[in-house]
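2 protein chains.
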Amino acid sequence: MTGREFFTARTVAEALAGFRPAHRTSAADVPLSAALHRVPAGAVPAPAALPGFVRSTVDGFAVRAADTYGASDGLPSYLDLLGAVRMGAAPAVAVRPGGCVAMPTGGVLPDGADAVVMVEYTAETMPGTIEVTRPVAPGGGVVRADEDVAAGAELVPGGRPLRAPDLGLLAAAGVTTVSVHARPRVAIISTGDEVVPPDTASLAPGQVRDATASALAGLVADAGGEPVVAGIVDDEPGALKNRLAEVLPSADLVVVSAGSSVGARDETAGAVAAVGDIWCHGLAIKPGKPTLLADCGGTPLIGLPGNPLSALVVFGQVGVPLVWRLAGCDSPPPSPGVRARLSRDLASAAGRLDVVQVRVRDGVAEPLFGPSALLSVLTRADGYLVVPEPATGLDAGSDVEVVLYP
Amino acid sequence: MTGREFFTARTVAEALAGFRPAHRTSAADVPLSAALHRVPAGAVPAPAALPGFVRSTVDGFAVRAADTYGASDGLPSYLDLLGAVRMGAAPAVAVRPGGCVAMPTGGVLPDGADAVVMVEYTAETMPGTIEVTRPVAPGGGVVRADEDVAAGAELVPGGRPLRAPDLGLLAAAGVTTVSVHARPRVAIISTGDEVVPPDTASLAPGQVRDATASALAGLVADAGGEPVVAGIVDDEPGALKNRLAEVLPSADLVVVSAGSSVGARDETAGAVAAVGDIWCHGLAIKPGKPTLLADCGGTPLIGLPGNPLSALVVFGQVGVPLVWRLAGCDSPPPSPGVRARLSRDLASAAGRLDVVQVRVRDGVAEPLFGPSALLSVLTRADGYLVVPEPATGLDAGSDVEVVLYP
Numbered sequence: 001m002t003g004r005e006f007f008t009a010r011t012v013a014e015a016l017a018g019f020r021p022a023h024r025t026s027a028a029d030v031p032l033s034a035a036l037h038r039v040p041a042g043a044v045p046a047p048a049a050l051p052g053f054v055r056s057t058v059d060g061f062a063v064r065a066a067d068t069y070g071a072s073d074g075l076p077s078y079l080d081l082l083g084a085v086r087m088g089a090a091p092a093v094a095v096r097p098g099g100c101v102a103m104p105t106g107g108v109l110p111d112g113a114d115a116v117v118m119v120e121y122t123a124e125t126m127p128g129t130i131e132v133t134r135p136v137a138p139g140g141g142v143v144r145a146d147e148d149v150a151a152g153a154e155l156v157p158g159g160r161p162l163r164a165p166d167l168g169l170l171a172a173a174g175v176t177t178v179s180v181h182a183r184p185r186v187a188i189i190s191t192g193d194e195v196v197p198p199d200t201a202s203l204a205p206g207q208v209r210d211a212t213a214s215a216l217a218g219l220v221a222d223a224g225g226e227p228v229v230a231g232i233v234d235d236e237p238g239a240l241k242n243r244l245a246e247v248l249p250s251a252d253l254v255v256v257s258a259g260s261s262v263g264a265r266d267e268t269a270g271a272v273a274a275v276g277d278i279w280c281h282g283l284a285i286k287p288g289k290p291t292l293l294a295d296c297g298g299t300p301l302i303g304l305p306g307n308p309l310s311a312l313v314v315f316g317q318v319g320v321p322l323v324w325r326l327a328g329c330d331s332p333p334p335s336p337g338v339r340a341r342l343s344r345d346l347a348s349a350a351g352r353l354d355v356v357q358v359r360v361r362d363g364v365a366e367p368l369f370g371p372s373a374l375l376s377v378l379t380r381a382d383g384y385l386v387v388p389e390p391a392t393g394l395d396a397g398s399d400v401e402v403v404l405y406p
Numbered sequence: 001m002t003g004r005e006f007f008t009a010r011t012v013a014e015a016l017a018g019f020r021p022a023h024r025t026s027a028a029d030v031p032l033s034a035a036l037h038r039v040p041a042g043a044v045p046a047p048a049a050l051p052g053f054v055r056s057t058v059d060g061f062a063v064r065a066a067d068t069y070g071a072s073d074g075l076p077s078y079l080d081l082l083g084a085v086r087m088g089a090a091p092a093v094a095v096r097p098g099g100c101v102a103m104p105t106g107g108v109l110p111d112g113a114d115a116v117v118m119v120e121y122t123a124e125t126m127p128g129t130i131e132v133t134r135p136v137a138p139g140g141g142v143v144r145a146d147e148d149v150a151a152g153a154e155l156v157p158g159g160r161p162l163r164a165p166d167l168g169l170l171a172a173a174g175v176t177t178v179s180v181h182a183r184p185r186v187a188i189i190s191t192g193d194e195v196v197p198p199d200t201a202s203l204a205p206g207q208v209r210d211a212t213a214s215a216l217a218g219l220v221a222d223a224g225g226e227p228v229v230a231g232i233v234d235d236e237p238g239a240l241k242n243r244l245a246e247v248l249p250s251a252d253l254v255v256v257s258a259g260s261s262v263g264a265r266d267e268t269a270g271a272v273a274a275v276g277d278i279w280c281h282g283l284a285i286k287p288g289k290p291t292l293l294a295d296c297g298g299t300p301l302i303g304l305p306g307n308p309l310s311a312l313v314v315f316g317q318v319g320v321p322l323v324w325r326l327a328g329c330d331s332p333p334p335s336p337g338v339r340a341r342l343s344r345d346l347a348s349a350a351g352r353l354d355v356v357q358v359r360v361r362d363g364v365a366e367p368l369f370g371p372s373a374l375l376s377v378l379t380r381a382d383g384y385l386v387v388p389e390p391a392t393g394l395d396a397g398s399d400v401e402v403v404l405y406p
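These protein sequences, in sequence, are chains A and B. For the first sequence, the working numbering assigns the number 1 to the initial residue and increments by one for each residue that follows. For the second sequence, the working numbering assigns the number 1 to the initial residue and increments by one for each residue that follows.
Calculated directly from the structure, the hints in this document are not laboratory data. No experiment lies behind these values; they were computed from the predicted model shown. Mixed in with the good hints there might be a few duds.
These stretches of chain A come out as covered by chain B in the derived footprint (C-beta under 8 angstroms, 3 or more residues) [to be verified]: (1) 26-36; (2) 61-72; (3) 108-118; (4) 166-172; (5) 241-253; (6) 275-289.
To list a few chain A residues with every Cβ distance to chain B over 12 angstroms, as calculated [to be verified]: (7) Thr8; (8) Pro127; (9) Arg352; (10) Pro367; (11) Asp382.
Heads up, simulated EDC-like pairs for lysine to aspartate or glutamate below, C-alpha to C-alpha not over 20 angstroms straight-line [claimed, not checked]: (12) B:Lys286 / B:Asp382; (13) A:Lys289 / B:Glu120; (14) B:Lys286 / B:Asp395; (15) B:Lys289 / A:Glu120; (16) A:Lys241 / A:Asp277; (17) B:Lys286 / B:Glu366.
Just so you know, even glycine gets a beta-carbon here, dropped at the ideal spot from N, CA and C.
With these hints in hand, go ahead and build the complete structure from the sequences.
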């Protein structure tokens, strides 16, 4: 059992706090149409105030508010109709005392006016005369020129992935390119003499197609990264070390899915030790204990367990936050979740994070068990629940938060 | 107020149940690397059983289980070591009574063996002889050749967007192309004399840049659709009708964001009535009442309210499920959410769906109010909560589910 004696195990909490990338990806401008879910390199300020003019929020009549004071159904104010504001154009006429101008929602308030009275409280009792039956206060029926955003104010913060509504505010402000962090390049290396590419039509005895790389590529894409599938390395001594040396210069993060045997895991640890410093070997997580974390000259490397379920669980807990961090986002966006009642007792060791695949039906979360070598558990599961490190288990009937697969 | 007399209002529930697309997008093959979140056109069956051979799940020794019965620390079984199985290769040797073969995790069970005893319960007491101190039952330490998936069984269901783990199972089965529904093409038309493109450097008085189209494009992309930004149409009579006729032949869904004035809304309704059948004009939702839904020869059309906040709320509630349905997915994937305590009373009318933008801090959801013409509410909000149609409001301190913006 060479290579296993020196086994520095850590908790997931320690890994999240202590195993952090030293760098962030560089920033580059992208057009707004390609900016969804990208992470701005810094806060984006408003080039000018929004909406930029005093804007009517109702259909009605621009007035001097004082001309409407005391107006009621019994004692209306009567104002001279001086003209109409057209959408998207400067008002052609100002409002003088005793006068009013017809306003569409979104129109520019004319000079002299300080409010817009809603059309519902008016009537054109005779041509050219508007009857007003409710008073309006100064500023009523309008938004100020800088009420939405002041010039120089933050439109969107840095470090938070852009959401669909953000794109609308940026467009309104005329910001059509945004400086965002590059998608972190995540090199995915598979190892194992038994592993063959997914497009292998028929398998020789003992061969398995590479499942982990395709699933990891999906998780990387979901985390805003760019998966770079770097192929399969057999267990021949030196082969993994050479492949690591090839991919490290252009990768922001390297992921190695180890072979499933102890021998293959030892080979992985040896190759990683040759190109970097091992930060931990062994993680207090179930499944996923034989995880290895290393720093390869500033580029983080994750050595994942051999079986695909364990590999995906570990990457979800430790790799996904790393991918977001590399792109400048310290708080990954929320995952979909649902509350459910646990169908049975779950045991766990204190100090270990347990990730349990579950099916959710009618508000009940049913843990899916079976050999962790089975892949189909992952497609039968709706999501998973986490038994936190301090807990020694969860009781049947507990209210649990299930993280749903997006 | 021409064009407003005939106002068939509906609830959101009625729209979701009754306003459904007649067609689904066509199916085409995509490689697995491009299949994430795409919707399979049908269930994908396994071409062959997985793993395809009886596979060891532990490091240890392949045995005949009967040879280990009764084995204990005090009374071990002793077996002849006949050889070793190599990863990814057919066993070179069979197991005969009284014999065993060394096995790596993931190796092929040799002929004659029916179980694998874990290495932890063995010792090589002298060269060529393995001492076994625990019994193993037939089938112990292995998975059957079809235990993960049987030949012909469903790998992934049709109609459910593919998730990252699904890609792993498909790869394992050698399925490297998947037939998926085309991304629904969503034509987005903006209207209004005051609306100018986002890249307009400086605005004339009364002009506003098109915020809605960019934000809608983001929501469409999040729903797996392909946004087709079809430009801005001014309020000139006939212009919208002509643009609709241009985009309808190649669109799966058409979205028109109306101008904000009543006049612009009437113009939209008139143009839509000329190319399709209006299903409802007016939706019991706040904000978003002046929504129009129409069927244009089998292609659904949504006429959205003029202000961007209302437009995005309505598209989120009514448009997003339509985009998923067009792609063959009747149950849209879950949105991220969080439970929180409501900070204040919220009033609502029974029969109307209210969508309230909220900020969430320390488990408290604080509603964001202000003129709905303001865009910045959308970027200050963390998400929204829905006051359902039957409710007449929510009390301060209520436990609410906040849908978070992804």
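For each hint, the structure was consulted:
| no. | hint | result |
| --- | --- | --- |
| 1 | 26-36 | holds (count 3) |
| 2 | 61-72 | violated (count 0) |
| 3 | 108-118 | violated (count 1) |
| 4 | 166-172 | holds (count 7) |
| 5 | 241-253 | violated (count 0) |
| 6 | 275-289 | violated (count 0) |
| 7 | Thr8 | holds, 22 angstroms |
| 8 | Pro127 | holds, 18 angstroms |
| 9 | Arg352 | holds, 19 angstroms |
| 10 | Pro367 | holds, 16 angstroms |
| 11 | Asp382 | violated, 9 angstroms |
| 12 | B:Lys286 / B:Asp382 | holds, 18 angstroms |
| 13 | A:Lys289 / B:Glu120 | holds, 17 angstroms |
| 14 | B:Lys286 / B:Asp395 | holds, 18 angstroms |
| 15 | B:Lys289 / A:Glu120 | holds, 17 angstroms |
| 16 | A:Lys241 / A:Asp277 | holds, 14 angstroms |
| 17 | B:Lys286 / B:Glu366 | holds, 18 angstroms |
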